[in-house]
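Participant: Sequence:
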Amino acid sequence: MGGDTVTDCSSLEGRDYKARLSYNPGKSNRKAPLAYGLESKILHTHHAKVADGIIYCRFSQLIQPPESVQPQFVRPLNAPIFILLASGVTRGKGNLNN
Numbered sequence: 624m625g626g627d628t629v630t631d632c633s634s635l636e637g638r639d640y641k642a643r644l645s646y647n648p649g650k651s652n653r654k655a656p657l658a659y660g661l662e663s664k665i666l667h668t669h670h671a672k673v674a675d676g677i678i679y680c681r682f683s684q685l686i687q688p689p690e691s692v693q694p695q696f697v698r699p700l701n702a703p704i705f706i707l708l709a710s711g712v713t714r715g716k717g718n719l720n721n
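Each residue of the sequence shown is one higher than the one before, starting from 624 at the first, in our numbering.
Treat the hints as calculated values from the structure; they're not laboratory data.
Where a beta carbon is used, it is the ideal one built from N, C-alpha and C, also for glycine.
Be a bit skeptical, because a hint or two may be false.
Said to hold, decoys possible - Here are the simulated DSS-like pairs of lysine-lysine, each with C-alpha atoms no more than 27 Å apart in a straight line: (1) K672 to K641; (2) K664 to K654; (3) K654 to K672; (4) K641 to K664; (5) K641 to K654.
Claimed, not checked - Label pairs and their calculated CB-CB ranges: (6) D675 to N701: 32 to 38 Å; (7) D675 to K650: 29 to 35 Å; (8) L707 to H670: 29 to 35 Å; (9) G637 to E690: 21 to 27 Å; (10) A658 to L708: 17 to 23 Å.
Full structure from sequences and hints, please.
Facilitator: Here it is as structure tokens:
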């Protein structure tokens, strides 16, 4: 793995769960470096909660991100995608501890 774009639902630093955009350089995970306010134009969290240890997250994402977004950070969704579920603790900067 590596070079993947990621849409996840996570809670950072004890804040509310929400959908976020990130990418995988190598075997790590980093927050997508987007201009201020751009992530909220691409991705919208409709509902997120934790109940009985299970995360429920409903979100919508633009099929085609704005042209200013580099494809290594957010790829268009009009191509085949693969779903991978993972869980773990996140560190303060949005990096996944594995």
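Participant: Each hint should be assessed against the structure and marked as holding or not.
Facilitator: Hint check results:
1. Taking the CA atoms of K672 and K641, the gap is about 9 Å. The hint holds against a cut of 27 Å.
2. Between the alpha carbons of K664 and K654 the distance comes to roughly 16 Å, so the proposed pair stays at or under 27 Å and holds.
3. With a C-alpha separation of about 21 Å, the suggested pairing of K654 with K672 holds against the 27 Å cut-off.
4. Proposed proximity of K641 and K664 is supported: the alpha carbons are some 14 Å apart, at most 27 Å.
5. For the suggested pair K641 and K654, the alpha carbons sit about 13 Å apart, so the restraint of at most 27 Å is met.
6. Judged by the Cβ atoms, the range 32 to 38 Å given for D675 and N701 holds: they are separated by roughly 35 Å.
7. The beta-carbon spacing between D675 and K650, approximately 31 Å, falls within the hinted interval of 29 to 35 Å.
8. The supplied range of 29 to 35 Å is broken by L707 and H670, whose beta-carbon atoms lie about 22 Å from each other.
9. Here the CB-CB span from G637 to E690 is close to 35 Å, at odds with the stated 21 to 27 Å.
10. At roughly 29 Å, the beta carbons of A658 and L708 sit outside the given window of 17 to 23 Å.
Hints 8, 9 and 10 from the earlier list are contradicted by this structure; the remaining hints agree with it.
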